[in-house]
Amino acid sequence: MITLYAITDHPTPPVPRLGEMRVVPSGDLAAVCGPVIKGEVTAEALWQHEQLVEALMQDRDVLPVRYGTCLPDDAAAARTLQDNHAEFAASLDTVRGAVELAVRVFAALDRAHVPTPAAAPMTGAEYLRARARSAAEESDATVIVHSPLARAARACTVARVNRPGELLRAAYLVDRDQTAPFAAHVKEIQEGNPQLRITCTGPWPPYSFAGS
Amino acid sequence: MTTLAEQDIGLVDLIDRLLGGGVVIAGDITLAAADVDLVYVGLRALIASVATATEKGVLPGMGSAL
Amino acid sequence: MSDKYLHRPSGLDSLGDPLPSIDRVLPRRLNADPENLERGLAQLVLTIVELLRQLMERQAVRRMDDGSLSDEQVERLGQTFMALSERMAELREEFGLEEEDLNLNLGPLGNLL
Chain A
34 MITLYAITDH PTPPVPRLGE MRVVPSGDLA AVCGPVIKGE VTAEALWQHE QLVEALMQDR
94 DVLPVRYGTC LPDDAAAART LQDNHAEFAA SLDTVRGAVE LAVRVFAALD RAHVPTPAAA
154 PMTGAEYLRA RARSAAEESD ATVIVHSPLA RAARACTVAR VNRPGELLRA AYLVDRDQTA
214 PFAAHVKEIQ EGNPQLRITC TGPWPPYSFA GS
Chain B
1384 MTTLAEQDIG LVDLIDRLLG GGVVIAGDIT LAAADVDLVY VGLRALIASV ATATEKGVLP
1444 GMGSAL
Chain C
4 MSDKYLHRPS GLDSLGDPLP SIDRVLPRRL NADPENLERG LAQLVLTIVE LLRQLMERQA
64 VRRMDDGSLS DEQVERLGQT FMALSERMAE LREEFGLEEE DLNLNLGPLG NLL
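One line per chain: the protein sequences are A, B and C, in this order. Residue numbers for the first sequence follow the numbering used here, so the first one is 34 and each next one is one higher. Residue numbers for the second sequence follow the numbering used here, so the first one is 1384 and each next one is one higher. Residue numbers for the third sequence follow the numbering used here, so the first one is 4 and each next one is one higher.
Calculated from the structure, these hints are not laboratory results. Bear in mind the structure is a predicted one, so any value in this text is a computation, not a measurement. The beta-carbon is built from N, C-alpha and C at its ideal position, and this holds for glycine as well. Do not take every clue at face value.
Said to hold, decoys possible - Label pairs and their calculated CB-CB ranges:
| id | chain 1 | residue 1 | chain 2 | residue 2 | range |
| --- | --- | --- | --- | --- | --- |
| 1 | B | V1407 | C | E75 | 46 to 52 Å |
| 2 | A | E77 | C | S13 | 25 to 31 Å |
| 3 | A | P227 | C | R90 | 36 to 42 Å |
| 4 | C | V52 | A | P154 | 50 to 56 Å |
Stated by the list, open to error - Here are some, though not all, of the chain C residues that point toward chain A, as calculated from beta-carbon distances under 8 Å:
| id | residue |
| --- | --- |
| 5 | K7 |
| 6 | Y8 |
| 7 | H10 |
| 8 | R11 |
| 9 | E41 |
| 10 | R42 |
| 11 | G43 |
| 12 | L44 |
| 13 | L58 |
| 14 | R61 |
| 15 | M67 |
| 16 | E78 |
| 17 | G81 |
| 18 | Q82 |
| 19 | M85 |
| 20 | E102 |
Claimed, not checked - Computed list of chain C residues with no C-beta within reach of chain A, every gap over 10 Å:
| id | residue |
| --- | --- |
| 21 | L9 |
| 22 | A45 |
| 23 | V48 |
| 24 | I51 |
| 25 | V52 |
| 26 | G70 |
| 27 | S71 |
| 28 | L80 |
| 29 | L94 |
| 30 | E97 |
| 31 | F98 |
| 32 | G99 |
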């Protein structure tokens, strides 16, 4: 059993000497594989996996593979590349020279506490109005934060968030050298909008843009 | 040094990516019992069609209000 | 653990709701023990119910904003949705599911909720 870390071009620069990673080529694509790492799935395990993928990302374009993906052997990896060649090649082209930045928007602390019926009794009308306010806040966050950032990115995805207080969760595909300007843009938007709290993390390998 | 809350947020962003994103390869065997996954995939297809129908306002009673 | 922050607001220490620990954010399917089969099915069913609940709530809010609902209707709908929301919370707790668990990744369609 082998673990898949990422899909990249073939040929590709030598992979870092970490995690026993090696390259399994097939045509003009390659799968970067390693032994299955046994053990519990912990935060540390996830970060360690991530560090390997990011090390790959330093020197090449990659399509990161979902965590926990295993295949029987190298032959199976090569077959997978062959079977899905068109799709993988297209996805790789989409993310060439780009990284992923994650943005999340929360209501400001003094507005984050959405009263729940469990916490404080309220009338039906109050509940619906509170729901309407939440919906409006999410919609505002989208206009204020997402729209300008989407224009600055190559591509973007928005997640529908099911968490009280969290107004927006989005991912942006951004050219590698545009990370700092993008972060500056986020900072600018934050400074103009004290009613929101915005976090931006990255650069990440383009997980959200790797699928078909 | 990141605070605990910051580490947690980094963790949520990490998990969103590692477990919610990335290339999905059919036939990977880290999934739980195959039977459950069949149900999972079948219902997923059903929900996908509900979601699409709703977006298009086709679902009766919902219309373009959604 | 590397610092992935490009921007963070000041005073991030308290975000209101406590952030979940890793046990709560990992999807259940990574833990393949038998009890989780039942929880997996509950997860699917409750996700569908949650989808419908959100759709209906959203439509009610729109109608309320339109002004096409009487005060009594607003009150009655609000009460219904509150009760439904509480019942959902009870069911989630019964099966050890968090709000985040009631979501499905539909591939190209993104997440359901």
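For each hint, the structure was consulted:
1. B:V1407 / C:E75: 46 to 52 Å: holds, 49 Å
2. A:E77 / C:S13: 25 to 31 Å: holds, 28 Å
3. A:P227 / C:R90: 36 to 42 Å: Holds: the Cβ-Cβ distance is about 37 Å, inside 36 to 42 Å.
4. C:V52 / A:P154: 50 to 56 Å: Distance hint for C:V52, A:P154 is violated at roughly 24 Å.
5. K7: holds, 4 Å
6. Y8: holds, 6 Å
7. H10: holds, 4 Å
8. R11: holds, 5 Å
9. E41: violated, 21 Å
10. R42: Where the cut-off is 8 Å and the nearest Cβ of chain A is about 17 Å from C:R42, the hint is violated.
11. G43: This hint is violated: C:G43 lies away from chain A, its Cβ roughly 16 Å from the closest one there, beyond 8 Å.
12. L44: Because about 20 Å separates C:L44 from the closest Cβ in chain A, which is outside the 8 Å limit, the hint is violated.
13. L58: violated, 12 Å
14. R61: The hint holds - C:R61 has a Cβ within 8 Å of chain A, the shortest such distance being about 7 Å.
15. M67: At 6 Å from the nearest chain A Cβ, C:M67 passes the 8 Å test, so the hint holds.
16. E78: holds, 4 Å
17. G81: holds, 3 Å
18. Q82: holds, 4 Å
19. M85: Holds - the Cβ of C:M85 comes within 8 Å of chain A, reaching about 5 Å at its closest.
20. E102: holds, 5 Å
21. L9: violated, 4 Å
22. A45: Holds, because the least Cβ-Cβ distance between C:A45 and chain A comes to about 16 Å, which exceeds 10 Å.
23. V48: Since the minimum Cβ distance to chain A is about 16 Å, C:V48 lies beyond 10 Å and the statement holds.
24. I51: C:I51 clear of chain A: closest Cβ-Cβ about 14 Å, beyond 10 Å.
25. V52: holds, 13 Å
26. G70: C:G70 clear of chain A: closest Cβ-Cβ about 13 Å, beyond 10 Å.
27. S71: holds, 13 Å
28. L80: violated, 6 Å
29. L94: holds, 14 Å
30. E97: holds, 16 Å
31. F98: holds, 16 Å
32. G99: Holds, because the least Cβ-Cβ distance between C:G99 and chain A comes to about 17 Å, which exceeds 10 Å.
Of the hints listed earlier, those the structure fails to meet are numbers 4, 9, 10, 11, 12, 13, 21 and 28, in rising order.
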